[in-house]
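There are 2 protein chains.
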Amino acid sequence: MMGRKIIIVGGVAGGATAAARLRRLSEEDEIIVLEKGEYISYANCGLPYYIGGVITDRDALLVQTVEGMSKKFKLDIRNLSEAVEIDRELQTLTIKNLKTGTVYKESYDKLILSPGARPIIPNLEGYKEAANIFTLRSVPDTDQIKHWIDERKAQEAVIIGGGFIGLEMAENLMHRGIKVSLVELGNQVMSSLDYEMSAIVYQELLDQGVNVIMEDGVKAFRDQGSTVELQSGRLLSSDLTILSIGVRAENELAKTAGLSTGKRGGIIVNEHLQTDDKNIYAIGDAIEVKDYIQQTQTMVPLAWPANRQGRLVADHIHGKAVSYNGTLGTSVAKVFNLTVAATGNNEKLLDQLGIPFEAVHVHPSSNASYYPGGRPLSLKLLFDPNTGKIFGAQAVGVKGVEKRIDVIATAIKGNLTVEDLADLELSYAPPYSSAKDPVNMAGYVAANIVDKELSVVHYDEIDEIVAWGGVLLDVREPEERERGFIQGSINIPLGQLRERRHELPKNHPIYVTCQVGMRGYLAVKTLMNYGYQAVNLSGGYKTYEMVQRIKNKEAAPL
Amino acid sequence: MMGRKIIIVGGVAGGATAAARLRRLSEEDEIIVLEKGEYISYANCGLPYYIGGVITDRDALLVQTVEGMSKKFKLDIRNLSEAVEIDRELQTLTIKNLKTGTVYKESYDKLILSPGARPIIPNLEGYKEAANIFTLRSVPDTDQIKHWIDERKAQEAVIIGGGFIGLEMAENLMHRGIKVSLVELGNQVMSSLDYEMSAIVYQELLDQGVNVIMEDGVKAFRDQGSTVELQSGRLLSSDLTILSIGVRAENELAKTAGLSTGKRGGIIVNEHLQTDDKNIYAIGDAIEVKDYIQQTQTMVPLAWPANRQGRLVADHIHGKAVSYNGTLGTSVAKVFNLTVAATGNNEKLLDQLGIPFEAVHVHPSSNASYYPGGRPLSLKLLFDPNTGKIFGAQAVGVKGVEKRIDVIATAIKGNLTVEDLADLELSYAPPYSSAKDPVNMAGYVAANIVDKELSVVHYDEIDEIVAWGGVLLDVREPEERERGFIQGSINIPLGQLRERRHELPKNHPIYVTCQVGMRGYLAVKTLMNYGYQAVNLSGGYKTYEMVQRIKNKEAAPL
Ligand SMILES: Cc1cc2nc3c(=O)[nH]c(=O)nc-3n(C[C@H](O)[C@H](O)[C@H](O)COP(=O)(O)OP(=O)(O)OC[C@H]3O[C@@H](n4cnc5c(N)ncnc54)[C@H](O)[C@@H]3O)c2cc1C
Ligand SMILES: Cc1cc2nc3c(=O)[nH]c(=O)nc-3n(C[C@H](O)[C@H](O)[C@H](O)COP(=O)(O)OP(=O)(O)OC[C@H]3O[C@@H](n4cnc5c(N)ncnc54)[C@H](O)[C@@H]3O)c2cc1C
Ligand SMILES: CC(C)(COP(=O)(O)OP(=O)(O)OC[C@H]1O[C@@H](n2cnc3c(N)ncnc32)[C@H](O)[C@@H]1OP(=O)(O)O)[C@@H](O)C(=O)NCCC(=O)NCCS
Ligand SMILES: CC(C)(COP(=O)(O)OP(=O)(O)OC[C@H]1O[C@@H](n2cnc3c(N)ncnc32)[C@H](O)[C@@H]1OP(=O)(O)O)[C@@H](O)C(=O)NCCC(=O)NCCS
Chain W
85 MMGRKIIIVG GVAGGATAAA RLRRLSEEDE IIVLEKGEYI SYANCGLPYY
135 IGGVITDRDA LLVQTVEGMS KKFKLDIRNL SEAVEIDREL QTLTIKNLKT
185 GTVYKESYDK LILSPGARPI IPNLEGYKEA ANIFTLRSVP DTDQIKHWID
235 ERKAQEAVII GGGFIGLEMA ENLMHRGIKV SLVELGNQVM SSLDYEMSAI
285 VYQELLDQGV NVIMEDGVKA FRDQGSTVEL QSGRLLSSDL TILSIGVRAE
335 NELAKTAGLS TGKRGGIIVN EHLQTDDKNI YAIGDAIEVK DYIQQTQTMV
385 PLAWPANRQG RLVADHIHGK AVSYNGTLGT SVAKVFNLTV AATGNNEKLL
435 DQLGIPFEAV HVHPSSNASY YPGGRPLSLK LLFDPNTGKI FGAQAVGVKG
485 VEKRIDVIAT AIKGNLTVED LADLELSYAP PYSSAKDPVN MAGYVAANIV
535 DKELSVVHYD EIDEIVAWGG VLLDVREPEE RERGFIQGSI NIPLGQLRER
585 RHELPKNHPI YVTCQVGMRG YLAVKTLMNY GYQAVNLSGG YKTYEMVQRI
635 KNKEAAPL
Chain S
85 MMGRKIIIVG GVAGGATAAA RLRRLSEEDE IIVLEKGEYI SYANCGLPYY
135 IGGVITDRDA LLVQTVEGMS KKFKLDIRNL SEAVEIDREL QTLTIKNLKT
185 GTVYKESYDK LILSPGARPI IPNLEGYKEA ANIFTLRSVP DTDQIKHWID
235 ERKAQEAVII GGGFIGLEMA ENLMHRGIKV SLVELGNQVM SSLDYEMSAI
285 VYQELLDQGV NVIMEDGVKA FRDQGSTVEL QSGRLLSSDL TILSIGVRAE
335 NELAKTAGLS TGKRGGIIVN EHLQTDDKNI YAIGDAIEVK DYIQQTQTMV
385 PLAWPANRQG RLVADHIHGK AVSYNGTLGT SVAKVFNLTV AATGNNEKLL
435 DQLGIPFEAV HVHPSSNASY YPGGRPLSLK LLFDPNTGKI FGAQAVGVKG
485 VEKRIDVIAT AIKGNLTVED LADLELSYAP PYSSAKDPVN MAGYVAANIV
535 DKELSVVHYD EIDEIVAWGG VLLDVREPEE RERGFIQGSI NIPLGQLRER
585 RHELPKNHPI YVTCQVGMRG YLAVKTLMNY GYQAVNLSGG YKTYEMVQRI
635 KNKEAAPL
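Chains as they are written, first to last, in my numbering: chain W, 85 to 642; chain S, 85 to 642.
None of these hints come from the bench; they were simulated from the model. Using N, Cα and C, we set each Cβ at its ideal position, and we do this for glycine too. A few of these clues could be false.
20 Å max Cα-Cα, derived EDC-like pairs, lysine to aspartate or glutamate [unchecked claim]: (1) W:362 x W:169; (2) S:374 x W:504; (3) W:404 x S:537.
Okay, the calculated beta carbon distance ranges per label pair [stated by the list, open to error]: (4) S:379 x W:471: 25 to 35 Å; (5) S:158 x W:456: 27 to 37 Å; (6) S:374 x W:202: 49 to 59 Å; (7) W:586 x S:141: 31 to 41 Å; (8) W:143 x S:407: 49 to 59 Å.
Calculated from the model, a selection of chain S residues having no Cβ within reach of chain W, i.e. all distances over 12 Å [said to hold, decoys possible]: (9) 122; (10) 166; (11) 309; (12) 330; (13) 460; (14) 555; (15) 564; (16) 589; (17) 592.
Work out the full structure: start from the sequences and follow the hints.
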């Protein structure tokens, strides 16, 4: 094949990966990488940790340098060079050299857009007057924040937005001894999770001393930003404010070239990652993708998709029969001592799409309970109660959390059902897992539902059931109830259930709860076998209590 | 359904699980569990750690007690009761009460055999006279070993057999301050691994101060066992000898009842885990299973299969359409600081079965290299070079090891190919992984082979290639070569390859090596693009050196 001229806009995750693969597939192509910033190929994901002093070597963030990568892959990398306009007819790109101000054109045979996304900056009173409000996307952003902290000896910070960058920044600023207030407009942090799972994260934030302010937003920045006024009227003083309320696709170049963008603002591409124009590909944070499970439009600004898409685009340009089948949105974040991971659809999305689903919660130990160091982990699995198809999963805990999510993400790609999860042969020795891994366990519980061996209700339904006269049976031991129980429940410990079952009405459904759902399940099966109609509370008192704790805190005076 | 009478032989992993599930599925069946030992439902896998003092609470090993489990599941559990004969015609079982010596019969509708396996005890001179030789299978074995160590203040131990129980015992005895010699007849420890991967484990054993003696076996026990004489003539003094050379199925009951056993001694079952007699099921360590990948006969004495099969048998008895599709043999063990995990077929097995395969080795970091705490991990992936079908994988390292094996085990169950491994969307944040997870990376490398973008040779082929005049190019920097290189290799650092490529012959294949195989791959692609025939050394110098180190040690005087 004759050498072609390929231009890549954006020299970081998606762009650099595409460039490297393109060169591996051909020495002949002329490959130009345009990057408007100073740096290429840097570790965006490491930036919070460098600010926090966990990563100490700034150079470690720069995975490749302009010079090194140019030489290694024979690339024409132009940093501080912004692509400003595409002429699709002529197949030329107008480029502005940001060092010199010069504007020039380059022709292309193929154009790859990987311009990423930029932090959303709301239009708020006092924002312009404040010098202490930062967003975090790039190395220069990082340098600025770090410099500000060092220079001003910042003591108090306000973080706006409880997504993963907000939470990573909370941890890292605390790590530097800075007092952090975290302001979140929604009723939960970490939107990849459902409410009850996010409650565990919320609790950890409180335990770590973060001043978490939920369901409140910023109204204005006062006193050059040193006071943040919330919509509730509350005032927070701030040496440093981080705006982390999400990102928006860098779509201007595409839009002005007449390429379609979606209602979320992302560039629209086909399964080969081609835009409306077959010679222009787009990848990474800038595009809309299909949700892998539902095949609906979505945006997933994460590093894996960007890297993967960069590789695929290079392959497609070289005539390989590849396609991108959508993004699962597998994610993980460290939040102080917790690991928080998720894959696929959550309940909020399924509700929104009106898709019938069921969910199970299990709280097994990360490894064999008799071996030291095991830590509880909470795993939620969402699935189709008729077919067993897996929709998604969420896990929160201290150890072995992302392992379980990776396994489920793999199972989804293998088109496995919840029954198949029970059948996964995962590695077991006491320091690592149990003979039935937490994933197997979630699979068993879910499969029992599909198989009609078990019905469940959820933490957010049980109070109402009890209020309307439903019978709620707590099968824990009386001592356990001393540490808390669901109002209105009656107590028959599991060990006494067979003898005392006659105390329960036969013509009413019996709702059963225990600590994590396991004894409840045993009780449900016993009752069913004796002809009762019995229903388990998914995740038991533990899931119920996770949410209750927040509610109580929210009700408590500040 | 009318209540049936079901008898289970063996009350630990497989048996106890079957009993629990049977009860959940019906209150009416009469369920009798026979256990010849004192304890049921104990954590076999925890025993080495209790001896080592890592698990301190003996009761923690007893997952269920006879009394507790009888009550919880309404079971008739009879410990110290041995099943001694099956009358298949009459459907009765002869039982010996080991407390009283009484022998009696029980009829059954269904019989489940989960008698496990017992340690192999070779017929060696001096064995009978020695009181300090132990095997480890049960709680009483554990008590005996622990008692012996405590009473005799054991200082030196000999462990015979470098399988996973042998290695776990080595670690645990060292943990108690006992000097350990490990004697292994084969040329490697940990037979789940291939030779080069086991070399990493071998090195760790040496680093931890274990006196590892390879390719030598016991000839005799002298002086009541206080001297162990090896076949080489070498003498080891021993306060305590652990025999851990493998297990043999407990098959007598089945055999004398005329049920088929295989050439490995395991009870033969069909896909419903039924023996020749449809009313008699057999599960766990006592049976032969199909290798999941090749569907050949094998035995996999591990806890997951026993638990899984116990569940399935209960379901099958209750008319559910379930079947057991074979065992992958996913396993993991902690060996001092290392985690050693594997799934599916290894090279030794594939060779033995004459199945064409290819292997790749990658040595990525457990998490993003710029984030502290990442540790190298070595991952070997075996696959069909034509179809990309995954045969198996092995991983050794300090962190994140079993996670990768679990993902690959899941991929295998999902029928995914090596190309699909590259496409797995795994969770990424710097503390946990890289944007391309090690599993993705192994997938990419393997997929390149399937796709004919890359050919490889292996650590055990390269010396001969060089000896026969093959050109071996080392693309590392000269400084790196100072720490070791493959004899006969020439050096052109990757960065100079394009300019200096003319130094290489065009009419000969160029074999390329670097540190881990990655730069080698870049060099291979560059050379191929310039019309050279280039072949990468899989796993680079690192894989080569792992083996070399052992060889040198073995050659060195003792
Ligand atoms: C603080 C932080 C932490 C993160 N942590 C994680 C994590 O833990 N896990 C995870 O999966 N993801 C994480 N991400 C997200 C991940 O970094 C992105 O999804 C990924 O970098 C997207 O790749 P991309 O190529 O689309 O965009 P980018 O990597 O952002 O690259 C786009 C580049 O294009 C340049 N550019 C834009 N327009 C032009 C133009 N017109 N001309 C020239 N150049 C242009 C930009 O300057 C930019 O450098 C994190 C991101 C941030 C900011
Ligand atoms: C020290 C040790 C460490 C281990 N570590 C691991 C690990 O880390 N991971 C892993 O996956 N696996 C491990 N295993 C293996 C695992 O424990 C077994 O695979 C599993 O227990 C097999 O279950 P089973 O029901 O077949 O046999 P068992 O659990 O051994 O139960 C069989 C029971 O049957 C009884 N029995 C036998 N014959 C009769 C009879 N005629 N009448 C009445 N009772 C009878 C025996 O007394 C025994 O208690 C380990 C095993 C040992 C010994
Ligand atoms: C650094 C960067 C340019 C690398 O791109 P890359 O060369 O495609 O990717 P990697 O360095 O991970 O190497 C992967 C390649 O090496 C090959 N490889 C890796 N290990 C190998 C081994 N042991 N043997 C042979 N080949 C190997 C893979 O097959 C793959 O090549 P392929 O795509 O041709 O199949 C790009 O990923 C980047 O810029 N990253 C930083 C930015 C970023 O991702 N930010 C977000 C996350 S913080
Ligand atoms: C202890 C033992 C009897 C348990 O058997 P078991 O009851 O089948 O298994 P578990 O206790 O793991 O519980 C699993 C059951 O609880 C259910 N369950 C677990 N968590 C649940 C939850 N949160 N909500 C509802 N149900 C739950 C599962 O669905 C499963 O029931 P099912 O088989 O009817 O689907 C048996 O595993 C045993 O003897 N183990 C020790 C011996 C051993 O395995 N040794 C080798 C390893 S060291």
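Verification of the hints:
For the proposed pair residue 362 of chain W and residue 169 of chain W, the alpha carbon gap of about 17 Å is at most 20 Å, so the pair holds. For the hint linking residue 374 of chain S to residue 504 of chain W, the alpha-carbon distance of about 18 Å falls within 20 Å, and the restraint holds. Distance hint between residue 404 of chain W and residue 537 of chain S is fulfilled; the C-alpha atoms sit about 12 Å from each other, no more than 20 Å. In this structure the hint that residue 379 of chain S and residue 471 of chain W lie 25 to 35 Å apart at CB holds, the actual value being about 28 Å.
Residue 158 of chain S and residue 456 of chain W have their C-beta atoms about 33 Å apart, which keeps the hinted 27 to 37 Å range intact. For the hinted restraint 49 to 59 Å between residue 374 of chain S and residue 202 of chain W, the CB-CB distance of approximately 55 Å keeps it satisfied. In this structure the hint that residue 586 of chain W and residue 141 of chain S lie 31 to 41 Å apart at CB holds, the actual value being about 38 Å. For residue 143 of chain W paired with residue 407 of chain S, a C-beta distance near 56 Å keeps the hint of 49 to 59 Å intact.
Every CB of chain W is more than 12 Å from the CB of residue 122 of chain S (nearest about 18 Å), matching its label as outside the interface. The Cβ of residue 166 of chain S lies farther than 12 Å from every Cβ of chain W, with a closest approach of about 25 Å, so its non-interface assignment holds. No Cβ of chain W comes within 12 Å of the Cβ of residue 309 of chain S; the nearest lies about 29 Å off, and the non-interface call holds. Against the 12 Å criterion, residue 330 of chain S stays outside the reach of chain W, whose nearest CB is about 17 Å from its own CB.
With a closest Cβ-Cβ approach of about 16 Å to chain W, residue 460 of chain S is found to remain outside the 12 Å limit, as its non-interface label requires. With a minimum CB-CB distance of about 20 Å to chain W, residue 555 of chain S clears the 12 Å threshold, and the non-interface call stands. The claim that residue 564 of chain S lies off the interface holds: its Cβ sits roughly 16 Å from the closest Cβ of chain W, which is beyond the 12 Å cut-off. A cut-off of 12 Å between C-beta atoms confirms that residue 589 of chain S is not in contact with chain W; the least separation is 19 Å.
Non-interface call for residue 592 of chain S relative to chain W: holds, since the shortest CB-CB distance, roughly 20 Å, exceeds 12 Å.
In the structure shown, no violation is registered for any of the earlier numbered hints.
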